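Enquirer: Listed below, chain by chain, are the residues.
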Amino acid sequence: MKNIRSQISMVFHLDKCIGCHTCSIACKNTWTDRKGAEYMWWNNVETKPGTGYPRKWEDQEIYKGGWEKKHSSIDLKGVGKIKGMKKLFHNTHMPTMDDYYEPWNYQYEKLFDAPEGDDQPTAEPVSMITGEKITPKSGPNWDDDLGGSAEYARKDFNIRDLSPAEQETMFQLERMVMFYVPRICNHCLNAACVAACPSGAIYKRGEDGIVLVNQERCRAWRMCVTACPYKKVYYNWHTGKSEKCILCYPRLETGQAPACMHSCVGRIRYLGVLLYDADRLQEVASCDESELIDKQLSLYLDPNDPEVIAAAKKSGIHDSTIQAAQKSPVWKYVKEWGLALPLHPEFRTLPNLFYVMPLLPAMAEMNEDNKYHSAGKSLWDDMENPRLPLKYLASLFSAGNVEVIAEILKKLMAVRLHRRSVTVGDLQNDEIEQLLQNSDLSPEIADDIYRLTSLAHLNDRFVIPPAHREEAIEMLNETHVHKGTTGFGFTKKPKRGL
Amino acid sequence: MNATLFFVILPYLALLSFLMGTIYRYWFMPFLVSSLSSQFLESKKLYFGSRPFHWGIIFLFFGHLTAFLIPSTVLAWNQIPLRLYILEVSALTFALLFLTGLILLVIRRVESKRIRQVTSYMDVFVYVILMFQAITGIWTATFFRWGASWFSIVLAPYLKSVFMFNPDANAVSQLPLVVQLHIVGAFVLIGMVPFTRFIHFLVYPLSYLWRPYQKVVWNYRNTEF
Ligand code: SF4
Ligand code: SF4
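Chains as they are written, first to last, in the working numbering: chain A, 118 to 615; chain B, 805 to 1029.
Hints are computed from structural coordinates only; laboratory data are not their basis.
From a predicted model like this one, the values you see are computed outputs, not experimental measurements.
Among the hints, a few may not be true.
The following label-pair restraints were derived from C-beta to C-beta distances [what the hints assert, rightly or not]: (1) Lys-430(A) - Phe-1005(B): 46 to 54 angstroms; (2) Val-928(B) - Gln-237(A): 40 to 48 angstroms; (3) Ile-179(A) - Asn-970(B): 34 to 42 angstroms; (4) Phe-852(B) - Lys-430(A): 52 to 60 angstroms; (5) Phe-852(B) - Ala-240(A): 33 to 41 angstroms; (6) Pro-1016(B) - Glu-333(A): 19 to 27 angstroms; (7) Ile-179(A) - Phe-1005(B): 53 to 61 angstroms; (8) Thr-247(A) - Ile-939(B): 28 to 36 angstroms; (9) Phe-936(B) - Asp-235(A): 53 to 61 angstroms.
Glycine residues also receive a C-beta, built at the ideal position from the N, C-alpha and C atoms.
With these hints in hand, go ahead and build the complete structure from the sequences.
Expert: In structure tokens, the structure reads:
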């Protein structure tokens, strides 16, 4: 434990997501509503089962993203030092605009400018690339709420391991099930985008672990787009530079939650610091797939452990950051309570966005008529017979490990039943106690989980460490001199080169 | 052709523009240094155009460079006719590869509406000058044989004289017109590097090969490691 670093990380609570896309719009309005970035959704919300955005992004046989294990070590799957340099002139597995969608707008001005005539003027869709009339054939959330499921949901990457019978049940009208997965960049510990960039333009910030693309060093080799298995680096076709979620660092540095998280209607989003052991990254990223989840979670260190605190201080982590780590809601969900898992850990980028498993879609009671009902007495008495195959969740969140998922769902269920016994009081106390014990929970912890899940205030959901930019400046410049040099200047437009 | 203008003044203008322009653009307008890839908008046709184009031009570039840097070695190599034939034939092959790629790229740019949106006047210039160089070059290779040898005898000394600031344009001005045009085209191309997307060849990311995969930048410590 010599090299401890702090990482700003996130938890998204999937049971709370209502699929409203407010987050996407907040991000779009703040950062990507400009030429060349129209198609980018640094934050997007996908309906699962579904193929997502860009289409089938999870299928690395198509896109060759992420890392793959090679003997005892790992290498980038599609690009990297040798493979990438060979693909410099044509990046074979890079998605193109058609894999996302062609952005369009409507000719609203026609509604005002159209000359007088017999017909009502209409605002027809026009491409935001060519300016010509187009018929939109796909969009970033084209399969919202299972729309066109034959085309999308049935092609979901994660149902590949389900038996044909299991697949069939997922799409029977009576059993049909869905949930939302909101996605942003995971600000990975073993980021594939950073590793793939031949120009060294992408980097991780030491202090908070935010992954950024230096716009002045990016040369449009596009390797990051291929390398990121989550397809969260986007190529700006106008400026010829790659862009990605910046975790709203200008907001974070001033103590505000990122735009997508602040605006989240369902309040599903949490953000906080995790401390981790940077010396073990290589070892963890290259371990066996079956161990990946456990090993990744073991990277994050207990911020209340005196030894960890001492080592963190030695590594130059600020006291205020350690304090933030102690109050971190992410630490609670991920490590203390063990309720949240990263998306597709098998890509081996060690992502820092964790998802609390969705209990609701799994939960339902099966009646004699072999149909699921969600209005039964205990909602879900047969843990072995979930409405949503746990294998499906395991393919998304645990590299195929069904037990981890089942454990989490049982825990979440225990918390629910405990709260029901407290508020409604129609359940047997000893039964509830037994349930809590089975999941290693005490009534107090169950209440804590309930509170942070349902009643948390803004400051509980977002525990943002101070950025201490003032100290950063002191290292470079006298503060009184620096003071007189800011606040006036010129910003350059992102003009395209020749 | 006016020897002083084209073979004495022009090369120095080109070199000046190349040096000052690229340094200025790299240091003061780094955002504008990009290969401006358009693969995102159109990928399939690019595959067939870009690869032969780039491999062709890289070989031709290093071929010209070698003949300039080590003319006597090239001459020695060419002593045996078979070796000379091999050199000439492979050079011509790469030139044809380059031309094929270029034509495919031009067709792609004209055909694809999306690509036309990202085409600037300078891109048109790039295509024109490259096409000009390809045609004059292939013409030279076909009708004024054994350039692999006479380049070393005529052009290498001339270029050397330019770099030694003692330009001697006598021999060059005696060359056939097409060859002269090819040389003038080359100077124009070099001079225009900082004003076009040609600049991206200067930022070829060689250092990637020896840097570690992960990269961390610290704000406080103001160091990278
Ligand atoms: S999610 Fe993708 S873009 Fe974000 S850090 Fe990981 S590899 Fe990079
Ligand atoms: S953190 Fe900021 S930049 Fe990243 S997805 Fe959310 S709103 Fe967009």
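Enquirer: Against the range 40 to 48 angstroms, how does the distance between the Cβ atoms of Val-928(B) and Gln-237(A) compare: consistent or not?
Expert: At 42 angstroms between Cβs, range holds.
Enquirer: Is 52 to 60 angstroms respected by the C-beta to C-beta distance linking Phe-852(B) and Lys-430(A)?
Expert: Once the Cβ atoms are compared, 58 angstroms apart, the range 52 to 60 angstroms for Lys-430(A) and Phe-852(B) holds.
Enquirer: Just tell me: holds or violated, for the beta carbon distance of Pro-1016(B) and Glu-333(A) against 19 to 27 angstroms?
Expert: For Glu-333(A) against Pro-1016(B), whose Cβ atoms are near 21 angstroms apart, the range 19 to 27 angstroms holds.
Enquirer: Taking the Cβ atom of Ile-179(A) and the Cβ atom of Asn-970(B), is their distance within the range 34 to 42 angstroms?
Expert: violated, 59 angstroms
Enquirer: Okay, Lys-430(A) versus Phe-1005(B) on CB: inside 46 to 54 angstroms?
Expert: 48 angstroms Cβ-Cβ, so the 46 to 54 angstroms window holds.
Enquirer: If I claimed the Cβ atoms of Thr-247(A) and Ile-939(B) lie 28 to 36 angstroms apart, would that claim hold in this structure?
Expert: holds, 32 angstroms
Enquirer: Do Phe-936(B) and Asp-235(A) keep their Cβ atoms within the hinted range of 53 to 61 angstroms?
Expert: 55 angstroms Cβ-Cβ, so the 53 to 61 angstroms window holds.
Enquirer: Are Ile-179(A) and Phe-1005(B) spaced within 53 to 61 angstroms by their CB atoms?
Expert: Since the Cβ atoms of Ile-179(A) and Phe-1005(B) sit about 31 angstroms apart, the hinted range of 53 to 61 angstroms is violated.
Enquirer: Can you let me know if the beta-carbon spacing of Phe-852(B) and Ala-240(A) is within 33 to 41 angstroms?
Expert: Hint holds: Cβ distance 39 angstroms, inside 33 to 41 angstroms.
This entry does not satisfy hints 3, 7, going by the numbered hints stated previously.
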